[in-house]
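Chemist: Protein sequence lines correspond, in order, to chains A and B.
Under our numbering, the first residue of the first sequence carries the number 1, and numbering increases by one thereafter.
Under our numbering, the first residue of the second sequence carries the number 1, and numbering increases by one thereafter.
In case anyone wonders, no lab produced these hints; they're calculated from the structure.
Just so it is clear, the structure is predicted and the values come from calculations on it, not from any experiment.
Possibly wrong hints are sitting among the right ones.
[To be verified] Sample of chain B residues with no beta-carbon within 12 Å of chain A, all distances over it, derived: (1) Leu78; (2) Ser88; (3) Gly109; (4) Glu148.
[To be verified] Chain A side only, calculated, beta carbon under 8 Å to chain B, not exhaustive: (5) Ile10; (6) Asn11; (7) Asn13; (8) Ile17; (9) Glu22; (10) Phe23; (11) Leu30; (12) Ala147.
Even glycine gets a Cβ: it sits at the ideal position worked out from N, Cα and C.
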Amino acid sequence: MKFTARQPGINVNVSPIHPLKEFAILAGGLLAVVVGIYLVLGLAVDLIVPRLSMDMEKKLAGAFIGKIVENEDAADTTRSLQALVDRLQDRCAPLPYNITVHVTESDAVNAAALPGGHMVVFTGLLAEMASENELAFVLAHELGHYANRDHLRGMGRALVLMTASTLLLGADNSINSMIGQGMALTELSFSRKQERQADEFALETLYCHYGHVADATSFFSKIPEDGDPGRFGHYFASHPENRRRISHLEDLAQARGYPTGDPLPLPADLTVKINPP
Amino acid sequence: MIDLIIFLSLLALGYGAGSWAEKRHYRSIAARENATINLPAVTLKSVAIPEHKIRSARLVYGSAVISVDYFKRILASLRNIFGGKVKSYESLLDRARREALLRMKEMAGDATVIVNVRIETSAIGKQSRRKNIGCLEAMAYGTALTVEE
Numbered sequence: 001m002k003f004t005a006r007q008p009g010i011n012v013n014v015s016p017i018h019p020l021k022e023f024a025i026l027a028g029g030l031l032a033v034v035v036g037i038y039l040v041l042g043l044a045v046d047l048i049v050p051r052l053s054m055d056m057e058k059k060l061a062g063a064f065i066g067k068i069v070e071n072e073d074a075a076d077t078t079r080s081l082q083a084l085v086d087r088l089q090d091r092c093a094p095l096p097y098n099i100t101v102h103v104t105e106s107d108a109v110n111a112a113a114l115p116g117g118h119m120v121v122f123t124g125l126l127a128e129m130a131s132e133n134e135l136a137f138v139l140a141h142e143l144g145h146y147a148n149r150d151h152l153r154g155m156g157r158a159l160v161l162m163t164a165s166t167l168l169l170g171a172d173n174s175i176n177s178m179i180g181q182g183m184a185l186t187e188l189s190f191s192r193k194q195e196r197q198a199d200e201f202a203l204e205t206l207y208c209h210y211g212h213v214a215d216a217t218s219f220f221s222k223i224p225e226d227g228d229p230g231r232f233g234h235y236f237a238s239h240p241e242n243r244r245r246i247s248h249l250e251d252l253a254q255a256r257g258y259p260t261g262d263p264l265p266l267p268a269d270l271t272v273k274i275n276p277p
Numbered sequence: 001m002i003d004l005i006i007f008l009s010l011l012a013l014g015y016g017a018g019s020w021a022e023k024r025h026y027r028s029i030a031a032r033e034n035a036t037i038n039l040p041a042v043t044l045k046s047v048a049i050p051e052h053k054i055r056s057a058r059l060v061y062g063s064a065v066i067s068v069d070y071f072k073r074i075l076a077s078l079r080n081i082f083g084g085k086v087k088s089y090e091s092l093l094d095r096a097r098r099e100a101l102l103r104m105k106e107m108a109g110d111a112t113v114i115v116n117v118r119i120e121t122s123a124i125g126k127q128s129r130r131k132n133i134g135c136l137e138a139m140a141y142g143t144a145l146t147v148e149e
């Protein structure tokens, strides 16, 4: 056999694919998987919320409780607010929740509904209140979120992750505390429909409790237009969405024949603490 | 955000520099393979040459260490998720083996033939998981025979 020196001509050991093409295929595939999981989590929220037991919800609440920094001085305020919520709940808003009110020092003109019936009221909100009816409307609005379990939906995909990790790893796991740490109390987002339903619930509760709906919309209206709503713009009148909410409430009150009466003054505990003379 | 910028810069740098180095290396390999084509390197243990005609027989070897670039590494780690042929590493091994063979031939000098050629490959920097420098070595060795005319 004669040896003939020649080059093989082709390289069989290197795949003839452009590396950028391979990168596009692999990275695109990974992205598609991630997007798929994200979408499935979104769908899972609506599946989970009606099935979540009260017991489970209390376990989820553990992740958030640590974030609530309660003001020692505000003990009277908390008690007074708790009494108001209890009065509202007692006759007019029977919910399967034992609502616990927490007062937190913050400029945010807002209140938040956390899992397990923990309602957080920021001092910035209390400073704006002029009458008990006005305050009751805001509290009843949050009760409305509890009634529709919006507070769970508002957590979005985090709820699915937290529920799954609680089922698999128990209540005090690192995933839960990480999500709890990362989520700002004011970040819970609600859809327009959820806000409208909570408004309607609040209006009904107000009428049921006081027999009239005075000051139901005053909180929306009295905030100045130039006030900076920022990301806490839950209740501000300058927001076009809130003007729509005001007119919706006024139409509803008119249609159902809810009268307006004289608003009650704020409970003494609140007036002294929040508006010092 | 800054992490993402660093990541993308490294990816672009890895792709640019890696492709440039690879193209240059393949050009050099092709040229040298053509230049040394008349020195056969075979895996046969012996050739049919009468013993008295063999002037010298000696060990020759060549080794080459080739590093992976950032782009290829990311491509390979994506492959690690889905499985399949790690195509981005194929050219590295190919270059290392061919470079090692060429260096072996260079060491053989004016020999007539290299017999009993073997190629071995090993990874370098695998021990410390965190500081994985990610490169591989190919080593080629054989027996160079110089035959009298």
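Chemist: Does each hint fit the structure? Answer for all of them.
Modeler: Status of the hints after comparison with the structure:
Distance check for B/Leu78 against chain A: the nearest CB is about 4 Å away, which does not clear 12 Å, and the non-interface claim fails. Against the 12 Å criterion, B/Ser88 falls within the reach of chain A, whose nearest CB is about 6 Å from its own CB. With 12 Å as the threshold on Cβ separation, the claim that B/Gly109 sits away from chain A holds: the shortest Cβ distance comes to roughly 17 Å. The non-interface label for B/Glu148 is consistent with chain A: the shortest C-beta to C-beta separation is roughly 18 Å, beyond 12 Å.
Evaluation of the A/Ile10 hint against chain B yields a violated restraint, the C-beta minimum of about 12 Å exceeding 8 Å. With 8 Å as the threshold, the beta carbon of A/Asn11 comes within range of chain B, its nearest partner Cβ sitting at about 7 Å, so the hint holds. The restraint placing A/Asn13 at the interface with chain B holds, with a minimum CB-CB distance near 5 Å, inside the 8 Å limit. Taking 8 Å as the C-beta contact cut-off toward chain B, the hint placing A/Ile17 at the interface holds, the least distance being around 6 Å.
Satisfaction of the interface hint for A/Glu22 is found here, the shortest Cβ-Cβ separation to chain B being roughly 6 Å, below the 8 Å cut-off. Interface hint at A/Phe23: satisfied, since its Cβ lies 5 Å from the closest Cβ of chain B, which is below the 8 Å cut-off. At its closest, the beta carbon of A/Leu30 sits 7 Å from a beta carbon of chain B; the interface hint therefore holds under the 8 Å criterion. Because the closest C-beta pair between A/Ala147 and chain B is about 40 Å apart, greater than 8 Å, the hint is violated.
Comparing the model with each numbered hint stated earlier shows that hints 1, 2, 5, 12 do not hold.
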